[in-house]
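Undergrad: Each chain is listed here by its residues.
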Amino acid sequence: MPPIIDPNKCSACGICVDICTEDVFYGSKEGEIPVVTYPRECVHFNCCVYECPVPGAIRLRIPLPMMLVYKPR
Amino acid sequence: MEEELVKADVLCVGGGIAGLMAAIRASELGAKVIIAEKGNALHSGRGRAGNDHFETYIPEVHGIDREAFIEELLRTAKGEVLLSRDIFHAQFAKAFDIVKLWDSWGIPMKYKGQWEFAGHSFPGRAMTHIKYGGQMQKKVLIKQALDRGAEIMNRVMVVDLLRDGDSIIGAIGAHTREDKVIVFQAKGVILGTGKCSRLYPSLTPGWMFNDPNGGIQTGDGRAMAYRAGAELQNVELPERHIGPKYFTKFGQATWVGVLKDPQGKPVGTFASKPDRKHGDMIMEVNKLVAEQYTKSGKGPVYMDCTEMTDEDYEYMMHWMVHEGNVALLNHMKDEGIDIRKNPIEFATYPMRLGGQIVANAKAETSLKGLYAAGDEAFGDISAAATFGWIGGENAANYAQEVEATDVERARAKIEERKELIDQLRGREGGPDWEETNIALQQVMYDYAGSVRNEALLEQGLSNLHRLKEKAYTVMVARNPHELGRCLEVLNLLDIGELVFLMSSDRKETRGLHVRPDYPFTNPLLNQFHVVQNIHGKPVIQWREIGR
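Sequence lines, in order, name chains C and S.
Residue numbers for the first sequence follow my numbering, so the first one is 1422 and each next one is one higher.
Residue numbers for the second sequence follow my numbering, so the first one is 41 and each next one is one higher.
So that you can see chain C by itself, here it is in the shape it has in the complex:
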């Protein structure tokens, strides 16, 4: 579920729906909180987060298979 929308913060402005190139929000209705119809098509570039006018209303959850690998210290 890559983009996560906080329904309490989202103003339903539709900017993320408009700008997502992969159109993961396909089928969202104008004036309503966007639905993530195609989560597996998210490419995790943060573009929706850049363009969202309400801080914290949208964020990316990185899928488990994509977790970075690092050396713990």
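No wet-lab data here; the hints were simulated from the structure.
Check the hints yourself; a few may be wrong.
As the list claims (entries may be wrong) - List time: in silico EDC-like cross-link candidates among lysine to aspartate or glutamate, alpha-carbon distance up to 20 Å:
(1) S:183 to C:1472
(2) S:305 to S:315
(3) S:381 to S:420
(4) S:179 to S:441
(5) S:408 to S:441
(6) S:458 to S:472
(7) S:152 to S:315
(8) S:453 to S:137
(9) S:313 to S:375
(10) C:1492 to S:219
(11) S:402 to S:584
(12) C:1492 to S:301
(13) S:220 to C:1472
(14) S:152 to S:385
(15) C:1450 to S:219
(16) S:402 to S:137
(17) C:1492 to S:474
(18) S:150 to S:301
(19) S:140 to S:187
(20) S:510 to S:462
(21) S:179 to C:1427
(22) S:179 to C:1451
(23) S:508 to S:548
(24) S:547 to S:537
(25) S:150 to S:100
(26) S:150 to S:137
(27) C:1450 to S:472
(28) S:327 to S:352
(29) S:577 to S:301
(30) C:1492 to S:206
(31) C:1492 to S:375
(32) S:183 to C:1439
(33) C:1450 to S:218
(34) S:47 to S:443
(35) C:1492 to S:331
(36) S:458 to S:351
(37) S:408 to S:446
(38) C:1492 to S:347
Once you've looked at the hints, dock chain S against the given chain C.
TA: Frame of chain C, contents of chain S only:
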């Protein structure tokens, strides 16, 4: 199926860096320009979330003439490449002008008031890339295009070019949010459609959109150029990249660290301490190093930034943001990963399509009225910007010279594509694009992957033909969005087929094209390997590169 007719002098296919620069230049020369973008141009293409380095030649900084700069570039950072020298001359004659233009438009091309050269260059040799603040570059370029009168049509995927005689006269596109096709009548068409993802499996096979190019650059330009009869070259020579493991992103040169083995020994010989000017050039010299270490039991390898200074850290973070890697930084924060303490594992990324649409230094392809720029022709941000500009200029000039041709002359092609779209949309059930795409990746990985021979290629091509037949007869698009994905898969199938044919014809081992049945690189084949669709049949030939 509803059909809309749109007329323009110049049609830019793809609203990435090349498409926008082409639109800007063609518009200011007076052409009526339309950009057709299958996503949204604000965040599409490889420059969608930013870039931080721009290859350029500045005479007063480099202190050598252009010829010497290009020779230095080919001797060091770029290595010998299968491109003619006049391409580099055209790029570096113009690139610095573009840098200054971008700066004047509001893309910060300087750092602390200076041209800041770093990355992609060896210590002690000519520096080739300036650092720049590209995070919001798309917004700036869109404004410039719109200010000059260009029009952007988002959510329109151009499916095929329309041809009359030897000339391209327009294109047909499918809307990806409503059931509608758009017929473009244009005197000049510029393909700026980017790289090609989803042909081979990603590093995370369950998540095929995890690709540093993004997930929807599917070689559309190459596929439609080929179908229309334009020449492609070297598509069987794959590329690979290196970067953070599993969260695949570009920007390897933005990391200020040293690539090391598990014992902390550098794997290369170019850096032993973090060096913000040069990074660790081992990753440019050998993208396979991470895979080789792992396969030979010496891995994993880590990008070790732990010895960086606080200033280096600030510097790197600044450029990671501009390179478009904010999501990666957020992920590290969420996971409690601190690059000052934790070495990050790097991996060699999977195979992806190489080669290009044949284009000359004027961005002209082998078909009249058809131009190609950006990753479809000569990649990287500087080349995309420069050849986009050059292509836009030449397309606008061409549009002034010729009369528009009525697209009705290509009515048969339009109807053929509409019928295909109706079939994909009309089926009740069947495999969707994703199932078909997974099957294609399987064929490519197993039969045209890291090792190829005649028997494998022959078997793989036969499998691919069966799959293609199914894609055309049973694949289903449940809505206009999935229609776009299906059309992408059909493009990938065409390109995959060419990879097989060209691989079979290249009877040598070269770079990542490994043929144990022809284990040596044949110096007589330091040529362009060109394929063209002539009356529905692929015709392959070798051509001298020239200078």
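Undergrad: Against each hint, give a clear statement of whether it holds in the structure.
TA: Against the structure, the hints come out as follows:
In summary, the hint linking residue 183 of chain S to residue 1472 of chain C is supported, as the alpha carbons are separated by about 16 Å, within the 20 Å threshold. Annotation: proposed proximity of residue 305 of chain S to residue 315 of chain S holds, straight-line Cα distance about 16 Å (limit 20 Å). Under the criterion of a C-alpha separation no larger than 20 Å, the hint pairing residue 381 of chain S with residue 420 of chain S is inconsistent with the structure, at around 32 Å. Straight-line distance between C-alpha atoms of residue 179 of chain S and residue 441 of chain S comes to about 32 Å, which puts the hinted pair past the 20 Å bound.
A hinted pair counts as satisfied when its Cα atoms are at most 20 Å apart, and residue 408 of chain S with residue 441 of chain S qualifies at roughly 12 Å. Annotation: proposed proximity of residue 458 of chain S to residue 472 of chain S holds, straight-line Cα distance about 19 Å (limit 20 Å). A distance of roughly 19 Å separates the Cα atoms of residue 152 of chain S and residue 315 of chain S; the hinted pair therefore holds under the 20 Å criterion. For the suggested pair residue 453 of chain S and residue 137 of chain S, the alpha carbons sit about 41 Å apart, so the restraint of at most 20 Å is broken.
The straight-line distance between the Cα atoms of residue 313 of chain S and residue 375 of chain S is roughly 26 Å, outside the 20 Å bound, and the hint therefore fails. Taking the CA atoms of residue 1492 of chain C and residue 219 of chain S, the gap is near 50 Å; set against the 20 Å cutoff, the hint is violated. A hinted pair counts as satisfied when its Cα atoms are at most 20 Å apart, and residue 402 of chain S with residue 584 of chain S qualifies at roughly 19 Å. In summary, the hint linking residue 1492 of chain C to residue 301 of chain S is supported, as the alpha carbons are separated by about 12 Å, within the 20 Å threshold.
For a cut-off of 20 Å, the pair hint linking residue 220 of chain S to residue 1472 of chain C is broken: about 28 Å separates their Cα positions. Between residue 152 of chain S and residue 385 of chain S, the direct Cα distance comes to roughly 32 Å. Violation of the 20 Å bound is thereby established for this hinted pair. Our distance criterion of 20 Å between C-alpha atoms is met by residue 1450 of chain C and residue 219 of chain S, whose separation comes to about 17 Å. Restraint check for residue 402 of chain S and residue 137 of chain S: the C-alpha separation of about 17 Å stays at or below 20 Å, so the hint holds.
Restraint check: the Cα-Cα separation between residue 1492 of chain C and residue 474 of chain S comes to about 35 Å, which exceeds 20 Å; the hinted pair is violated. Between the alpha carbons of residue 150 of chain S and residue 301 of chain S the distance comes to roughly 35 Å, so the proposed pair goes past 20 Å and is violated. Annotation: proposed proximity of residue 140 of chain S to residue 187 of chain S holds, straight-line Cα distance about 19 Å (limit 20 Å). For a cut-off of 20 Å, the pair hint linking residue 510 of chain S to residue 462 of chain S stands: about 16 Å separates their Cα positions.
Distance restraint check for residue 179 of chain S and residue 1427 of chain C: the Cα-Cα separation of roughly 26 Å exceeds the 20 Å cut-off, and the hinted pair is therefore not satisfied. Restraint check for residue 179 of chain S and residue 1451 of chain C: not satisfied, since their Cα atoms lie roughly 23 Å apart, outside the 20 Å limit. Restraint check for residue 508 of chain S and residue 548 of chain S: not satisfied, since their Cα atoms lie roughly 28 Å apart, outside the 20 Å limit. Distance check on the hinted pair: residue 547 of chain S and residue 537 of chain S sit about 17 Å apart at the alpha-carbon level, within 20 Å; holds.
Straight-line distance between C-alpha atoms of residue 150 of chain S and residue 100 of chain S comes to about 16 Å, which keeps the hinted pair within the 20 Å bound. Proposed proximity of residue 150 of chain S and residue 137 of chain S is supported: the alpha carbons are some 14 Å apart, at most 20 Å. Taking the CA atoms of residue 1450 of chain C and residue 472 of chain S, the gap is near 24 Å; set against the 20 Å cutoff, the hint is violated. About 24 Å separates the Cα atoms of residue 327 of chain S and residue 352 of chain S, which puts this hinted pair outside 20 Å; it is violated.
For the hint linking residue 577 of chain S to residue 301 of chain S, the alpha-carbon distance of about 49 Å lies beyond 20 Å, and the restraint is violated. For the hint linking residue 1492 of chain C to residue 206 of chain S, the alpha-carbon distance of about 58 Å lies beyond 20 Å, and the restraint is violated. Taken as a hint, the residue 1492 of chain C and residue 375 of chain S pair is honoured in the structure, with Cα atoms around 12 Å apart against an allowance of 20 Å. Proximity of residue 183 of chain S to residue 1439 of chain C is assessed by CA-CA distance (about 17 Å); at most 20 Å being required, the pair is judged to hold.
Taking the CA atoms of residue 1450 of chain C and residue 218 of chain S, the gap is about 14 Å. The hint holds against a cut of 20 Å. Between residue 47 of chain S and residue 443 of chain S the alpha-carbon distance is near 13 Å, which keeps this suggested pair within the 20 Å criterion. For the proposed pair residue 1492 of chain C and residue 331 of chain S, the alpha carbon gap of about 18 Å is at most 20 Å, so the pair holds. Taken as a hint, the residue 458 of chain S and residue 351 of chain S pair is broken in the structure, with Cα atoms around 58 Å apart against an allowance of 20 Å.
About 16 Å separates the Cα atoms of residue 408 of chain S and residue 446 of chain S, which keeps this hinted pair within 20 Å; it holds. Our distance criterion of 20 Å between C-alpha atoms is met by residue 1492 of chain C and residue 347 of chain S, whose separation comes to about 15 Å.
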